[in-house]
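Hints given; two lone chains; assemble the complex.
Here is what each chain is made of, one letter per residue.
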Amino acid sequence: MNLETNNLSPGKNLPVLIIDNLSVQVVGIPTTHYVVENISFDVKPGEMLCVVGESGSGKSVTALSVMGLLPRGGLVPSGGAILVDGENVVTASQKRLREMRATRMAMVFQEPMTALNPVVPVGKQIDEVLRVHTNLTKIERREKVLSMLDSVHLPDVKRIYDAYPHQLSGGQRQRIVLSMALILDPKLLIADEPTTALDVTTQKQILFLIRELQEEHNTAVMFITHDFGVVAEIAERIVVMNRGRVVEVGQREDILARPRQAYTRMLVSSVPSLIPKMRQAPMGEIVLDVAALNKTYAEKRIFGSGRTVAAAQDVNLTLRRGEIVGVVGESGSGKSTVARCIVRLVDPTSGAIRIKGLDIAQAGGRKLRPFRRSTQIVFQDPYRSLNPRRRVGDSIAEGLINFGAPREKALAKAVESLRTVGLDPDVMQRYPHQFSGGQRQRICIARALAVEPDILVADEPVSSLDVSVQAQVLKLLEEIRERTGIAVLFITHDLRVAAQICDTIVVMQNGRIVEAGPAETVLTRPQREYTRALIEAAPGRDWDFQNFRPVDANKAPIFSRVTL
Amino acid sequence: MSATPNHKPGEMTREEPFELPLTGEAAPHISGPSAFGHFKRTLKRGPALMALLMLGAIVFVAFSAPFLGTTDPIAIDPGQRLRLPTAENWLGTDAYGRDVYSRVIYGSRISLMVGLGAALMSVAVGLLIGVIAGYVRLADAIVMRVMDGVMAIPSILLAIALVSLSGASLLTVLVAITIPEIPRVVRLVRGVILTVRSEPYVEAAISLGTRLPTLLLRHMVPNTVAPLIVQGTYIFASAILTEAILSFLGAGLPPEKSSWGNIMAEGRMYFQLTPGLILYPGIFLSLTVLSVNVLGDAMRDALDPRMARKL
Numbered sequence: 075m076n077l078e079t080n081n082l083s084p085g086k087n088l089p090v091l092i093i094d095n096l097s098v099q100v101v102g103i104p105t106t107h108y109v110v111e112n113i114s115f116d117v118k119p120g121e122m123l124c125v126v127g128e129s130g131s132g133k134s135v136t137a138l139s140v141m142g143l144l145p146r147g148g149l150v151p152s153g154g155a156i157l158v159d160g161e162n163v164v165t166a167s168q169k170r171l172r173e174m175r176a177t178r179m180a181m182v183f184q185e186p187m188t189a190l191n192p193v194v195p196v197g198k199q200i201d202e203v204l205r206v207h208t209n210l211t212k213i214e215r216r217e218k219v220l221s222m223l224d225s226v227h228l229p230d231v232k233r234i235y236d237a238y239p240h241q242l243s244g245g246q247r248q249r250i251v252l253s254m255a256l257i258l259d260p261k262l263l264i265a266d267e268p269t270t271a272l273d274v275t276t277q278k279q280i281l282f283l284i285r286e287l288q289e290e291h292n293t294a295v296m297f298i299t300h301d302f303g304v305v306a307e308i309a310e311r312i313v314v315m316n317r318g319r320v321v322e323v324g325q326r327e328d329i330l331a332r333p334r335q336a337y338t339r340m341l342v343s344s345v346p347s348l349i350p351k352m353r354q355a356p357m358g359e360i361v362l363d364v365a366a367l368n369k370t371y372a373e374k375r376i377f378g379s380g381r382t383v384a385a386a387q388d389v390n391l392t393l394r395r396g397e398i399v400g401v402v403g404e405s406g407s408g409k410s411t412v413a414r415c416i417v418r419l420v421d422p423t424s425g426a427i428r429i430k431g432l433d434i435a436q437a438g439g440r441k442l443r444p445f446r447r448s449t450q451i452v453f454q455d456p457y458r459s460l461n462p463r464r465r466v467g468d469s470i471a472e473g474l475i476n477f478g479a480p481r482e483k484a485l486a487k488a489v490e491s492l493r494t495v496g497l498d499p500d501v502m503q504r505y506p507h508q509f510s511g512g513q514r515q516r517i518c519i520a521r522a523l524a525v526e527p528d529i530l531v532a533d534e535p536v537s538s539l540d541v542s543v544q545a546q547v548l549k550l551l552e553e554i555r556e557r558t559g560i561a562v563l564f565i566t567h568d569l570r571v572a573a574q575i576c577d578t579i580v581v582m583q584n585g586r587i588v589e590a591g592p593a594e595t596v597l598t599r600p601q602r603e604y605t606r607a608l609i610e611a612a613p614g615r616d617w618d619f620q621n622f623r624p625v626d627a628n629k630a631p632i633f634s635r636v637t638l
Numbered sequence: 033m034s035a036t037p038n039h040k041p042g043e044m045t046r047e048e049p050f051e052l053p054l055t056g057e058a059a060p061h062i063s064g065p066s067a068f069g070h071f072k073r074t075l076k077r078g079p080a081l082m083a084l085l086m087l088g089a090i091v092f093v094a095f096s097a098p099f100l101g102t103t104d105p106i107a108i109d110p111g112q113r114l115r116l117p118t119a120e121n122w123l124g125t126d127a128y129g130r131d132v133y134s135r136v137i138y139g140s141r142i143s144l145m146v147g148l149g150a151a152l153m154s155v156a157v158g159l160l161i162g163v164i165a166g167y168v169r170l171a172d173a174i175v176m177r178v179m180d181g182v183m184a185i186p187s188i189l190l191a192i193a194l195v196s197l198s199g200a201s202l203l204t205v206l207v208a209i210t211i212p213e214i215p216r217v218v219r220l221v222r223g224v225i226l227t228v229r230s231e232p233y234v235e236a237a238i239s240l241g242t243r244l245p246t247l248l249l250r251h252m253v254p255n256t257v258a259p260l261i262v263q264g265t266y267i268f269a270s271a272i273l274t275e276a277i278l279s280f281l282g283a284g285l286p287p288e289k290s291s292w293g294n295i296m297a298e299g300r301m302y303f304q305l306t307p308g309l310i311l312y313p314g315i316f317l318s319l320t321v322l323s324v325n326v327l328g329d330a331m332r333d334a335l336d337p338r339m340a341r342k343l
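For the record, the sequence lines run as chains S and B. If you read the first sequence in the working numbering, its first letter stands for residue 75, the second for the next number, and so on. If you read the second sequence in the working numbering, its first letter stands for residue 33, the second for the next number, and so on.
With the rest of the complex left out, here is chain B (with noise of 0.2 angstroms):
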């Protein structure tokens, strides 16, 4: 704060970012074209890349699960009940003879709707919300009181409640994950929207006559983008691994359709014989679960230079 004199009594008391006069160069800002160039470097390095390669992976397996060998993921062969790997099922066959290789690649397509399903709609649902409660002051103290409420209930019993009154599909399952990361969402959007409604470029605008909607989304929502693609790819990875749990707990998913969760539920009392039913979708699962984070990591450091510096 010493850096920069000219304080007026009491009034301008934010602190700057330490600024090092380089050559007439602008000072680094979060949303200029420079900026872009260091959001690139910082997911260059090692760990990000490695994330972002592994994701890309298993998003690839996930869109081309017909074209890599498999076979249909339901089909029961009572014949050939739990096999251990072979030329013909690359990672054993499960209780009812089906191919373990084939259902965990195609249970990387659930994993991956469910996680991006549960993002975006959380977000977007989370964002509204978020904005009515920072912006419209008696809304504020109602709506965060709900959000405080949903909070409260823990997350696995609160979809175990929906998924067993409306029967299990995908969108259940999927709704049910959603709900309780909207309160999340919302809190950090409200956060954003109450710092930066006192920004005397907000109240410029409001002098100058910009209507609500316009002054809502061009001066104050573009604020929120950063700090909510961090948040939604934390709610990606913990939505895939509430995905596996409820499966695994036999309230997600119904048992046609393929999930990691419900492969490890099934061969969780076959695990001596074959403990690859359970090994290979969990491996997935954690190298899923564990790129997605590294990367929701690098995001955030790349989004906010100051934080990465600290860390």
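With the rest of the complex left out, here is chain S (with noise of 0.2 angstroms):
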């Protein structure tokens, strides 16, 4: 073994990663179908590589089967080959696999939490990569995890050393976890999805710290994402995905700038632009009026009082017929306790909801029942918003029913609402599972529209969506607008796609409404230093995805020229 790697790495920029022709299959089933079909990429060291994908294109399955994880009795690869550092994975024995893993080849996954567990302290974690790699001494491994733990910018490294993993926060258990992947000086970093789950502001930082962690070991990394904007901040060289084959391999500026083929073309120009469309301010009757609205949750003490969380405190906002409102904000600002609250899912601790002038913040029972039909909900979750035991018409028709129509005339309904999210009539006899997650975003949009509200709250409808269906999505929201002039409190952590539907944008943060006004404004003369701050951390700012062409950020809608 020690004998090929001598053979084929004497030179400083052979590729550490070399995927031939990798081919890999369901486990049982007849060779027809492939998982990942015939792919051939390479990555050299110190190179970023970024492979990007819609779900189901095989991105992930690519980089379990480098790290010789695929699932056992599931996924196994049938031909080609994967040389990591001259040595073929794809044959090796799962004892030599072990070796390799964290020594020649690391992963770090999307989710932090899940990822380290959560009974042991992060020191702990990291050092068992350790002693079971080295014979160092107990003192020395101790000395090198905190060195590593500087490296990676925590702060107070020997308490850090001693927490759990609940007591940190998302970026920084990141943190740990990129820790636990470099301590051994891998050749080759694969990093699945790592910041998909953080907060832009800290996906910004860890990206960052990636960058530099890579330059300084000078290590191979090949970056799995669904995100363009990444993808543009990072990549040196962009593997397209798609369907289990790999679609197009370049430098960054040839795929982004003049990309081949139709398929990376149309996903690329999918990403929504940055830059606000010029809108004319909605002029409409008022439909929803939230005023001084709060909602805090108690923790429940037998003694004394306990915590109390404010998750939305003093909110002020209106919505008016036709109009698209955005709420942004992090994880934690309380964008959909809002958004619950004026659906009624919670009840809010004290002021007012006026719909058409009507509170209905404390009406509860039977005298919030006619109000439930002029406010609507679509969720995040496509593939738990409709319920699995039901056919999709009678989903639809529910609403209808339970506001006393009559059931032919309740499926009719439900069958025109079906045609103005663009679906046929006949999925009104199918189940749920038998549709795809923008399909079942469209039905959840018929579902709500069936009942004709007035307001529709969309909480994240995309933000579960590949870009190209988000892209349809956001298209489908903007028509149904302009045809029923419904109004749409739109809940989204994306700037990119507030910036392409919303007329008005509310920013949050910790609960408080931190700036509000039309989204052209907000978006280019922010003025506070919160929002700011969320505009630059947007990924891939320096791009304009659309035209195939950068932007200089500095000239961009933001204000880099204030120094922060």
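Don't take each hint at face value.
Said to hold, decoys possible - Some chain B residues close to chain S (C-beta under 10 angstroms, calculated; not the full set):
#1 Glu-231
#2 Pro-232
#3 Tyr-233
#4 Glu-235
#5 Ala-236
#6 Ala-237
#7 Ile-238
#8 Ser-239
#9 Leu-240
#10 Thr-242
#11 Arg-243
#12 Thr-246
#13 Arg-250
#14 His-251
#15 Pro-254
#16 Asn-255
Said to hold, decoys possible - Per label pair, the in silico range of CB-to-CB distance:
#17 Pro-195(S) <-> Leu-226(B): 30 to 40 angstroms
#18 Pro-186(B) <-> Val-383(S): 41 to 51 angstroms
#19 Arg-557(S) <-> Val-182(B): 53 to 63 angstroms
#20 Leu-160(B) <-> Lys-169(S): 53 to 63 angstroms
#21 Asp-172(B) <-> Arg-381(S): 18 to 28 angstroms
#22 Arg-177(B) <-> Arg-586(S): 36 to 46 angstroms
#23 Pro-79(B) <-> Leu-442(S): 50 to 60 angstroms
#24 Leu-197(B) <-> Pro-192(S): 46 to 56 angstroms
#25 Leu-190(B) <-> Arg-586(S): 49 to 59 angstroms
#26 Asp-172(B) <-> Glu-286(S): 48 to 58 angstroms
#27 Leu-226(B) <-> Val-383(S): 18 to 28 angstroms
#28 Leu-160(B) <-> Gly-431(S): 36 to 46 angstroms
Hints in this document: simulated from the structure, not taken from any laboratory. Note that CB positions come from ideal geometry on N, CA and C, so glycine has one too.
Structural data, given as structure tokens:
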């Protein structure tokens, strides 16, 4: 084994990872169907290679194949070779693979909380890597772990060493995972959507950190992502994947500016622009008026008063007919709480929610029911938003039947609203599991529209959809707004999406509204420091994806000129 | 989790089952039409099929007891006491000269009745209480503490107390066996309801103005069916055992009702003379409980395919 290594990697610029004609197939199914088919690419030392693709494109399967971590009894490499530092992973024994992980190749996953053991202090978990792979003494190991923690810029490393994962923030956890992956100085780091679960500001820091560590250790990085913003930010070379095949490989500028394949072109141009469209100020009547809304969660104790958490404080906003108001903010900013209060899925602690002038904030039971019809909600996760046991038609007609429409009429209306969202009426007889995520989200929108509400609350409706599908759903919402004059409260964490669809933007932080105004003003001339930081953290700001060209971030919508 | 991108910060962390991208075919889902095929396939595997056949045979025997060459199971014939198996008395006779074969065959009726009765009653009552505990937050604390209390009482002791209070009859025994099983069902149902109530499709139904009873019956209770079927089979098996234990201890059915438990109880003094008195009802009891348990396991695997793959 060592011989091979010596023979193959004397030169400095030989690729660390060579994937040669790799195919992966499902165990037990005849060879006609591949999950990954004949893919080839390589990663050189110190290079940042981004693998992009939509869900189901095979990018994660490729990563798992390189690590030798394909689910046993599920998927199996059926052809080709994966050479890591000259050694073929496909044919390596389990024992050899174990030795190679962490020393030659390491992987970072999307969700740092599940990648760490919740009952072991993080320092111990990093220490374990050293204990298994090296002969260092206890003191040496501790030294090494502490210096590693230091190099990922964690504060107060001695305290962090003894901390449990739940005591750290998402960004800190991802730093821990990174130090665990890099402590033995592997030649190849595979990062599978490492920043997708993080807020934009944290994402920016982690991307920066990966870059820094890579340069320091000359590590080859294979960075898997679905986010073209991130790609534009960090990639040197890009591999575009679709349905288990490599569509295109090329330098960052070539792929982003001169994509050769139609698929790549479509994918790149689907990325919403950060530059807001100029819109006329909405002048319709006010359908929703939220005034001084508060929601606090109190921890109940038998003696004394427990901790209280203010999820929303003094929130004021109005929504006009035909207007799309975007509520943006990072996780925990209270944007979903506000949405759920307006739909009355949670009861607000105080304040007023006036729908067409009538306050429903404290209305209960029978009094509330007629108002249910005027406000509808669409959720983030289309897979959980439809009752799996009910036919699509029944789900859509349910609301109308609840409000007293006869069944035939309700079903007729369901057909109509399915047409509105661009689906065929014959889907009525089918069950939700027969549809893709994008189709399900359309069904959810149809269900909400069937009762002809005045207000649609959309809670991250496109966040779990692929960019191409996302673009379609956004277009659909826009059309519906044009046609029906519905008012939309659009909750999102993605400024690009907000820039595309919103007339007005409300920025929230820690349960409070920090800035509100027309989308154009908020995104190009932000008044508050926090808004500015959010915009600056949005990845890929220096690239205009629709027009396949770079833009000068300093002349772009945001004021980097204002020194922070 | 790495297979599904586009997760929003920290909110959508539910783990999707690892979906194999087959040719446009829908992912397997517990409730879809394709799930039933999977259910049937699982039940057709060796052990489950044997258990099913065995249980079918016992049910058949119980139903057609009078036509299987049996005599009156309580007809006493003092002249024929403690006989070993003969052509006339296939499994011999007991201390009163009663035909053991007939008694065991008729005993299967009691066992199945008790098993089915206890399973149905505890599931019905437990479902009702569980839904209340799971949905009405105020009731939850009280109901669950009462259930904890019931769980703390040893079930056999509770049964003996109930039987001695209200006399030995089938109904008393049934109630005595059912009560200790209820808390388990309540916990199960409450857990499911608590998870399901925050599902987006339930919240969507609320915002569509669905009334509470419909909301519960249409959107929430169906999720409890699969785990309840599995729990039901376990209760079925344990109820049969408990009835046998109670009858064996003399706190069960009155002596004129032949049950496997009291056949064994009466036979225990003559074990060395005629071991069949304990052996034959014992074999029936073990086979019934075994096949119900195997069937329960198979059903759990069939209803939760992910679990089956792990085991």
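Results of checking the hints against the structure:
Interface hint at Glu-231(B): satisfied, since its Cβ lies 5 angstroms from the closest Cβ of chain S, which is below the 10 angstroms cut-off. The beta carbon of Pro-232(B) is positioned within 10 angstroms of a beta carbon in chain S (closest approach about 4 angstroms), and the interface hint is therefore held. For Tyr-233(B), the interface hint holds, since its Cβ comes within 10 angstroms of a Cβ in chain S; the closest pair sits about 5 angstroms apart. Interface restraint check for Glu-235(B): the shortest CB-CB distance to chain S comes to about 5 angstroms, inside 10 angstroms, so the restraint holds.
Hint status for Ala-236(B): holds, given a least beta-carbon distance of 6 angstroms to chain S, under 10 angstroms. Interface restraint check: Ala-237(B) against chain S, minimum CB-CB distance 7 angstroms, threshold 10 angstroms, status holds. Against a cut-off of 10 angstroms between C-beta atoms, the interface hint on Ile-238(B) holds, since the closest Cβ of chain S lies about 6 angstroms away. This hint holds: Ser-239(B) has a C-beta 5 angstroms from the nearest C-beta of chain S, less than the 10 angstroms allowed.
The beta carbon of Leu-240(B) is positioned within 10 angstroms of a beta carbon in chain S (closest approach about 4 angstroms), and the interface hint is therefore held. Given the 10 angstroms rule on beta carbons, the hint for Thr-242(B) holds: about 5 angstroms separates it from the nearest Cβ of chain S. Annotation: Arg-243(B) was flagged as interfacial toward chain S, and the flag holds, the nearest CB pair being 7 angstroms apart, inside 10 angstroms. The beta carbon of Thr-246(B) is positioned within 10 angstroms of a beta carbon in chain S (closest approach about 8 angstroms), and the interface hint is therefore held.
A least Cβ separation of about 8 angstroms between Arg-250(B) and chain S falls short of the 10 angstroms threshold, and the interface hint therefore holds. A least Cβ separation of about 6 angstroms between His-251(B) and chain S falls short of the 10 angstroms threshold, and the interface hint therefore holds. Below 10 angstroms, beta-carbon pairs count as interface contacts, and Pro-254(B) has one with chain S at about 5 angstroms; its hint therefore holds. Look at Asn-255(B): its Cβ gets to within about 8 angstroms of chain S, closer than 10 angstroms, so that hint holds up.
At roughly 31 angstroms, the beta-carbon separation of Pro-195(S) and Leu-226(B) lies within the given 30 to 40 angstroms, and the hint holds. Distance hint check for Pro-186(B) and Val-383(S): the Cβ-Cβ separation is about 43 angstroms, which falls inside the suggested range of 41 to 51 angstroms. Roughly 59 angstroms separates the CB atoms of Arg-557(S) and Val-182(B), a value that falls within the hinted 53 to 63 angstroms. A hinted range of 53 to 63 angstroms for the beta carbons of Leu-160(B) and Lys-169(S) is consistent with their spacing of about 56 angstroms.
For the hinted restraint 18 to 28 angstroms between Asp-172(B) and Arg-381(S), the CB-CB distance of approximately 21 angstroms keeps it satisfied. Distance hint for Arg-177(B) and Arg-586(S): a CB-CB separation of about 40 angstroms, consistent with the stated range 36 to 46 angstroms. One distance hint, 50 to 60 angstroms for the beta-carbon pair Pro-79(B) and Leu-442(S), holds here, with the actual separation near 53 angstroms. Roughly 49 angstroms separates the CB atoms of Leu-197(B) and Pro-192(S), a value that falls within the hinted 46 to 56 angstroms.
Between Leu-190(B) and Arg-586(S) the Cβ separation comes to about 56 angstroms, which falls inside the hinted range of 49 to 59 angstroms. Evaluation of the 48 to 58 angstroms hint for Asp-172(B) and Glu-286(S) yields a pass: the beta carbon distance comes to about 51 angstroms. Distance hint check: the CB atoms of Leu-226(B) and Val-383(S) are about 21 angstroms apart, consistent with the given range 18 to 28 angstroms. About 43 angstroms separates the C-beta atoms of Leu-160(B) and Gly-431(S), a value consistent with the hinted range of 36 to 46 angstroms.
Violated hints for the displayed structure: none, as all numbered hints are satisfied.
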